[in-house]
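**Q** In case you want the letters, here they are:
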Amino acid sequence: MLSVREESSTARVIPPAQPRKLAKVPFVELADGRLQGVVSSGSDIERVYVSSIAAGDYAFACSTNNNRPCGGARGSFCKHLVALAGEAVLQYGAERVARYLRVESADGVATTQGIVSAMTANRPAKADATAAAPVFSRFLRHLAYLELAPTTAPLPELHWFPTTRAVV
Amino acid sequence: MRTDLLTEPVDGLAEALAAVDAFDRALAGGLLRPAPAQAAGLDGLAEAVAGSPLAARVAEAAGQAAAGTAGEDHLVALAAARTALLGSVHDALAARLDEAIGRPRGEAPAPAPAPGEPQAANLLAAARSWLTDLARTGWQGIDHELVSGAAPVVSALLADPALRRLATLLDGFAAELAACCPGAALERIPLRRWADLWSRALLLTVPGAADAPATGTLTGRLLPLGVDLHEHATAAQAQVHAVFEPAEGGAPRLVRAGVAVPKPDTVVGAGVWQLLRPHLSLLAAAGEGLTMELTGMPVTAEGDLLWHDEHARPGAPADAFATARVALAGATTPSTAPLDRHPARIATPVFLEGYTAHQEDDALAFELAGHRLAVDTDRVPAASPLTPGAVAASTACLGLLRWDDGEFRLQPLAVEATVKRKTVALHAGAWAGGTGDKDGAKAEKAATEAVAMLRERAGRLLRK
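Same order as they appear, the protein sequences are chains Z and A. By my numbering, the letter at position 133 of the first sequence is numbered 133, and the numbering carries on one by one without gaps. By my numbering, the letter at position 462 of the second sequence is numbered 462, and the numbering carries on one by one without gaps.
Misleading hints may appear alongside valid ones.
Stated by the list, open to error - EDC-like mimics (lysine to aspartate or glutamate), calculated; alpha carbons at most 20 Å apart, straight line:
1) Z/21 x A/449
2) Z/126 x Z/44
3) Z/21 x A/444
4) Z/79 x Z/44
5) Z/21 x A/456
6) Z/126 x Z/32
7) Z/21 x A/133
8) Z/21 x A/15
9) Z/24 x A/456
10) Z/24 x A/265
11) A/445 x A/265
12) Z/79 x Z/6
13) Z/24 x A/439
Said to hold, decoys possible - Some chain Z residues flagged as far from chain A (calculated, every beta-carbon gap over 12 Å):
14) 57
15) 71
16) 74
17) 75
18) 108
19) 111
20) 130
21) 134
22) 136
Derived by calculation from the structure, the hints in this document are not laboratory data. Note that beta-carbon positions come from the ideal geometry of N, C-alpha and C, so glycine has one too.
Isolated chain Z (complex conformation):
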């Protein structure tokens, strides 16, 4: 969170997402108590992996959009989960990702490497695949924002959301 001023109407509470390349990980978010998102398959353009890591216990899941389990995510994080964490750090900053996942480490969590090692050192368990469907539908909802019509009627409410130069 950015600085909170109790008597300000227009203070930006969350910093804007930072630009990143979307080819490998088109979607990442901190939501529903998880770091979750969608990772493009390296080999098949029609396939994506739906990946998530739970805050607190780091229980992880990774499967394709057709609900097949990812071969790499058996004992520990697969490459998709590591890529997901890396892009989350780019988009939100390491501090916000670590805070959301409740990762603390003496070695520091200022980098993706630090955050991932701190989580794997905890020997996280594999989660069941129930998160995949809601994550994928959130991704589709996210993509649908590109299809929504613009409007030239004024939206006075957006005066409460000024643009900001603040970075994470």
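With the hints as your guide, set chain A onto chain Z.
**A** Showing chain A alone in chain Z's frame:
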């Protein structure tokens, strides 16, 4: 401009805001089982509007809320009282601004027409029900389950362009709350802000409240002053402030024209301009320093043009600073719609020169005629040639006067600075219509690739 008036206290302001703050604290704890301090806050709000037509309904609502038995209609009454109180704060600040700037203000519009067909009553009811849960829980009690309840409501609202105001507000508000969960762990809460967003959203669930119909058309010349950009994670709006000169003669007036679009949160910076650009030819004209000739452009009572490209064509070149020096002082400020009377909505174009810039820690201020005016450089878009450094080194500034957190501030829209003994102008919205600038072009390319990637993914995955 009389900057002394901007720093002098406004009568009654502190008392009105104290009542608002006490109510906002009551809301933070939730209205399920209000403590005595919360009841006092509710009572204070009712007392503050005791001399208004709202008095009886708000007194009843405050009583019910203090007993933990407030229904949806009671909460709407409380939101209306808070909005009315901030409306009076807006009016006092706007009157002060008019006095300081010495510019005429347009007459208040006739009362809004009766609401038309009640649209999407069930969607509005769903939004209201979520907002009610939120008020009962309070900011300190929010969790992921409660906040994610907004998602289906927002998705359904977004699909109907007529409901875009409520949809965009709830979307940004819910995302902010989600990022702040669990509420119990929050060290500080943006009390005024969240109570603003909550009460505004609640009033927008009243059918007809969001209507801002055209009340006439404009034919004449439009001289752009600058571009004001708003954005949250999943929406953006560019508003162009301009001076309009009627073709039939008569006093010039200040108007706005804008475009807003929902966006994925990964579209940022130059990507935002790219999404907005195709839907408002005025953005390109403003970027290139051109006037536009309007023919029969619909306009609301508040001076918002309901832009259609077919009613506008590019005209002769016009420098925004020349417009500001020549036409701004005599232009009429439009009055504000009743529901929009809120200090955060104040955005009055002004032109300043003859100031000295002072850097105070990481904040900038202009000293003008012996008085200090805070400069909000954070509101300059990231995808822009205008930078805080350029503002600090400027000799003239076109901006919007705003009010927040107890003081007037200047939001720079454009500055003039001396570079190699030549005067150059830098505009916050210079890249709105596109750019040949090297850094700008690089940002444009990256943004184009990001959107192309998302569209490719959407094309493959959405229609399965």
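**Q** Hints first: check each against the structure and report whether it holds.
**A** Going down the list of hints, with the structure as the test:
no., hint, result
1, Z/21 x A/449, "8 Å, holds"
2, Z/126 x Z/44, "25 Å, violated"
3, Z/21 x A/444, "13 Å, holds"
4, Z/79 x Z/44, "16 Å, holds"
5, Z/21 x A/456, "14 Å, holds"
6, Z/126 x Z/32, "17 Å, holds"
7, Z/21 x A/133, "38 Å, violated"
8, Z/21 x A/15, "50 Å, violated"
9, Z/24 x A/456, "13 Å, holds"
10, Z/24 x A/265, "17 Å, holds"
11, A/445 x A/265, "18 Å, holds"
12, Z/79 x Z/6, "42 Å, violated"
13, Z/24 x A/439, "25 Å, violated"
14, 57, "16 Å, holds"
15, 71, "21 Å, holds"
16, 74, "26 Å, holds"
17, 75, "29 Å, holds"
18, 108, "22 Å, holds"
19, 111, "21 Å, holds"
20, 130, "15 Å, holds"
21, 134, "10 Å, violated"
22, 136, "8 Å, violated"
The structure does not agree with the numbered hints 2, 7, 8, 12, 13, 21 and 22 stated previously, though it agrees with the rest.
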